[in-house]
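Asker: These are the residues of each chain, in order.
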Amino acid sequence: MSNKTLFAALVALLVLVPLVPGLIYPIFVMKVMAYGLFACAFNLLLGFTGLVSFAHAAFLGTAGYVTGALMIRFGAHPLGVPAAFAAGVAAAALVGFAIGGLAIRRRGIYFAMITLALSQIVYFLAVQFRWTGGEDGLQGIPRGTLLGLVDLSSDTAMYYVALALFAAGFLFIDRVVHSPFGQILQAVRDNEARAVSLGYDAARFQLLAFVLSAALAGYAGALKALVFGLVSLNDVSLHTSTEVVLMTLLGGVGTLFGPLVGAALVVGLQNYLATIGDLVTVVIGLIFILCVSFFRRGVVGEWLHWRHRRAARAARPLPEPEHPPVAEAA
Amino acid sequence: MPDTALETRGLTKAFGGFRAVRGLDLKVRRHAIHALIGPNGAGKTTVFNLLTKVHVPTEGQILYEGADITREASAAIARRGLVRSFQISAIFPNLSVRDNVRVALQRRLGTQFQFWRSGRTLTVLDEEAMRLLAEVGLAEAADARAADLSYGRKRTLEIATTLALDPPFLLLDEPTQGMAIEDVDRIKRLIRRIARGRTILMVEHNMSVVADLCDTITVLQRGEILAEGPYAAVSTDPAVRAAYLGGGHA
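Taken in sequence, the protein lines are chains E and W.
Heads up: the first sequence runs through residues 1 to 330, numbered per my numbering.
Heads up: the second sequence runs through residues 1001 to 1250, numbered per my numbering.
Note that these hints are calculated values from the structure, not bench results.
Think of the CB as a built atom: it goes at the ideal place given N, C-alpha and C, for glycine as much as any other residue.
Among the hints, erroneous ones may be present.
Computed spacing ranges between beta-carbons, pair by pair [unchecked claim]:
#1 E:Phe97 to W:Glu1182: 50 to 56 Å
#2 E:Tyr110 to W:Ala1144: 33 to 39 Å
#3 E:Val282 to W:Ser1118: 41 to 47 Å
#4 E:His305 to W:Gly1178: 26 to 32 Å
#5 E:Phe97 to W:Gly1110: 19 to 25 Å
Which stretches of chain E does chain W cover? Using the computed rule of at least three CB atoms under 8 Å from a CB of chain W, they are [claimed, not checked]:
#6 181-192
#7 197-204
Based on the sequences and whatever the hints tell you, model everything.
Answerer: In structure tokens form, the structure reads like this:
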């Protein structure tokens, strides 16, 4: 089954959610979709570019704040939703350009540390600014009406709009990964020195990937703000930046569906184990330890690996000719 | 048009107090196969690193086809057609064998920053990628993951990738290092074939490869030129025999 068919099946299932009341809570599914997109955006950087960022909460949060603040002021306008959404994504991309542009000059752990330090500045600004609501965050963000036609205050209407946005975001990431740009990106990830020797400026590819990833994290943040009507300091905190690392690794880094599965697992555990309070953190921590000890490829990664090995065993092993044919010199 | 493809003038590289390359004046004739040899630590790899801008020269100039490229970046030099093949096998392990070659071919499409385009726009390159793979004898492995190839075949893939750029100037860093004897012969034939219409500068330890392939040999010692000329002349030079070839090599 190809990725596209699998995704179509998933969307078809998700379409059914509001039609079968009591099966699963649509708000919960929207939360999973927002975090799933967030993790996919992060994975574009970690899995397909090979860069570890601890700044992704800054992008999620920035877009949330911008979208939320604009909705509070202009939410009643027919174009309020798309405009606020677009502004949020653009703001995240700009912050991504600033943070990525500075961090890209360093490699490995130094790169990660610079992203962490700069994202703390964003957190500090979110506390200080008045328009972000400081400690209170933004509350009571209206969902508005989409183009003056669809009233999003209905959860069902919001759900289908969220599903459409989710599908579009996921397909966009799939397109980026398989685009001419994505091909070079993976080459840079695999062997940066070699990619440079073939004439590609590695840093420019990494920076564009960083900005795209930041914009997509912002896309998830704008969606989340709209769905919950709420943006808090937690959205720009280091905790959120590490949570997305966890989701991606748990699901399977460098796979298209892994981050979705990881996000569903983490959000699901937080939701359904909420009754045990702070112990959720312990449970998630234990699962993470199990993951890095026994299934490092993550849930989806291990499954793909198992299938790959089974297929390889089924196929006749590729014979290695002792003297591969090479045309003789004239 | 001058006869020299690549020239260094007074090229010097110091690492702290240690001068790995000292005032090197090297001229590589166009369409020659030129070898850089010398005992370990003579500065051969440093010279390669200077030419491909992995290191920045402390002093001196590098001219490629008459243009001063001393201050240019690595990727820019590759775009000029001065392409390096690495000492360690330089492949993209998680891409398929075909995609490895395609990545090199892709630059000419000029779409490398287009993240919104379908990957299907790259299939126009498949035919040429397959032709290059067939040329080096890797066609039947096109769909394999590059990481799953044997060592010798990884090096062959790397050469196919380098050829995909159709570079007028090739820098080969120990092309036969770590290879079995039958693979060495194969690479030798391959180099002779790809040398047509190209200039090649190589670092190589295997004297039989150097003797069979190279028109000009430059012997380095402690970062300086000890001798230069065809194999017959260099191999009988008393200074070279004393410093490098020692006894036993004729």
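Asker: Against the structure, test the hints numbered earlier, and report the numbers of the ones violated in rising order.
Answerer: none
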